[in-house]
Amino acid sequence: MFTPDPQKVLIVEDSPTNILVLCDCLSEYNCLVANSGEEALKIARGDNKPDLVLLDIIMEGMNGYDVCTLLKTDSSTSDIPVIFITGETDPQSLVKGFGVGAVDFITKPFNFDELKVRVSTQLKYKKSLDDNTRYLKSIEDIYDTITDSMYYAQRIQNATLPHKTFLDTLMEDYFVIYKPRDIVSGDFYIVNKVNNKLLLVAADCTGHGVPGALMSMMSMAFIKEIINVEKISDPDIILNQLRETIISTFSSPGSDEISDGLDASLVLINDKDNTLKYAGANLPIYLVRNNELIEIKGNRMPVGSYPRQSPFTCHTINLQNNDCIYLFSDGYADQFGGANNRKMMHGLYKSKILEFSKLPMQDQKEKLQYFFNQWIGYNEQVDDILLMGYRYNC
Numbered sequence: 001m002f003t004p005d006p007q008k009v010l011i012v013e014d015s016p017t018n019i020l021v022l023c024d025c026l027s028e029y030n031c032l033v034a035n036s037g038e039e040a041l042k043i044a045r046g047d048n049k050p051d052l053v054l055l056d057i058i059m060e061g062m063n064g065y066d067v068c069t070l071l072k073t074d075s076s077t078s079d080i081p082v083i084f085i086t087g088e089t090d091p092q093s094l095v096k097g098f099g100v101g102a103v104d105f106i107t108k109p110f111n112f113d114e115l116k117v118r119v120s121t122q123l124k125y126k127k128s129l130d131d132n133t134r135y136l137k138s139i140e141d142i143y144d145t146i147t148d149s150m151y152y153a154q155r156i157q158n159a160t161l162p163h164k165t166f167l168d169t170l171m172e173d174y175f176v177i178y179k180p181r182d183i184v185s186g187d188f189y190i191v192n193k194v195n196n197k198l199l200l201v202a203a204d205c206t207g208h209g210v211p212g213a214l215m216s217m218m219s220m221a222f223i224k225e226i227i228n229v230e231k232i233s234d235p236d237i238i239l240n241q242l243r244e245t246i247i248s249t250f251s252s253p254g255s256d257e258i259s260d261g262l263d264a265s266l267v268l269i270n271d272k273d274n275t276l277k278y279a280g281a282n283l284p285i286y287l288v289r290n291n292e293l294i295e296i297k298g299n300r301m302p303v304g305s306y307p308r309q310s311p312f313t314c315h316t317i318n319l320q321n322n323d324c325i326y327l328f329s330d331g332y333a334d335q336f337g338g339a340n341n342r343k344m345m346h347g348l349y350k351s352k353i354l355e356f357s358k359l360p361m362q363d364q365k366e367k368l369q370y371f372f373n374q375w376i377g378y379n380e381q382v383d384d385i386l387l388m389g390y391r392y393n394c
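If you're matching positions, the sequence shown starts at 1 in full-length UniProt numbering and goes up one per residue.
The hints are simulated quantities; they were obtained by calculation from the structure and are not laboratory data.
It is possible that some hints are incorrect.
[Said to hold, decoys possible] Here are the simulated DSBU-like pairs of lysine-lysine, each with C-alpha atoms no more than 30 Å apart in a straight line: (1) Lys297 x Lys272; (2) Lys42 x Lys116; (3) Lys137 x Lys127; (4) Lys164 x Lys42.
[Unchecked claim] Ranges of calculated distance between the beta carbons of each label pair, as one might list FRET restraints: (5) Tyr378 x Glu114: 49 to 59 Å; (6) Thr313 x Gln369: 25 to 35 Å; (7) Glu172 x Arg342: 18 to 28 Å; (8) Lys127 x Asp334: 41 to 51 Å; (9) Ile376 x Gln320: 31 to 41 Å; (10) Phe166 x Asn340: 18 to 28 Å.
In this text, a Cβ means the ideal position worked out from N, Cα and C, and glycines have one as well.
I would like the entire structure built from these sequences, with the hints used as guidance.
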């Protein structure tokens, strides 16, 4: 059976008789001895650090008050409790002793029972404090490890999103606002050319943080396989195929069934006939034309298990020059803030998009980001945010 080493008590006394008495009374502990303040400081700052100091006040050379002051102002010894040994019991001595950092007093001549109780009490408190400090340090180490892993996961997730240099080859006047609530995000976006048509995808997976990020990574991989391997470009067919893949993946035999999924909006733009095809799962898109905002709604169901599921609907729209198309998750409009600390809601959200829609897309991005930062104030961000804007030119 493991027996812990006895706690260490440093006795600082210049009287050999008192040292013998104290060591005998405290024989259950590992007693260290110093005959002067200078020697006490050397021991306390060394490798064999005591758990408690019994410190005589009146000694030749450095007195106990000065020793205690130096112990308490040194970060390596400040947590060691100090009990003064004194023959003085006047209030001024007690006030001065507590003022320099002592936790208790033991008066001479010694009452052995009282001495043992006072020492035992402080050592138990010191052990509890040390245990809590070690526990806190272990939590901090675990937190640092998890945080480091999260930031590495963030790098991986960001690497899967389309880079600006790639987006610039596909679109001229556009912007992307992508702002995770946590280190990693449950929102994602895809921009690609499929069958010589421009495909835009905005998706909001169930949850945020790690669960949302895992779902987003899997969903993004599923969509990319559908469009790149199976060469499917129609938004409704992509959503139908994605739903089948998600349901079959998360309800495979022998695994715990997961009902999570995602909301998404998909837009396919055909420059040859100036058309836009759209399909959505709980996420609409906005089309701004001639200073009018048109909301185009998709199906009111997620991509995943759903009791009343039906095929996703494809909407076809004839595009005009200078049309502005917006895809988004619900994080921007759901943010709390403003003068009344309420949700922004879609009415105000729409009005801001319409207000800024005449500007170049990058200017719109700056305006929308500035408005959001003003709106949120000192509130915490409540959800991941994704907003994409694209101006169509025939």
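Evaluated hints:
1. Taking the CA atoms of Lys297 and Lys272, the gap is about 25 Å. The hint holds against a cut of 30 Å.
2. A distance of roughly 26 Å separates the Cα atoms of Lys42 and Lys116; the hinted pair therefore holds under the 30 Å criterion.
3. For a cut-off of 30 Å, the pair hint linking Lys137 to Lys127 stands: about 15 Å separates their Cα positions.
4. Distance hint between Lys164 and Lys42 is unfulfilled; the C-alpha atoms sit about 61 Å from each other, more than 30 Å.
5. Between Tyr378 and Glu114 the C-beta distance comes to about 54 Å, which sits within the given range of 49 to 59 Å.
6. For the pair Thr313 and Gln369, the supplied restraint of 25 to 35 Å holds, since their beta-carbon distance comes to about 33 Å.
7. Remark: the range hint 18 to 28 Å for Glu172 to Arg342 is contradicted by a beta-carbon distance near 37 Å.
8. Distance hint check for Lys127 and Asp334: the Cβ-Cβ separation is about 49 Å, which falls inside the suggested range of 41 to 51 Å.
9. Judged by the Cβ atoms, the range 31 to 41 Å given for Ile376 and Gln320 holds: they are separated by roughly 35 Å.
10. The given range of 18 to 28 Å is broken by Phe166 and Asn340, whose C-beta atoms sit roughly 42 Å from each other.
In this structure, the hints that do not hold are numbers 4, 7, 10, in rising order.
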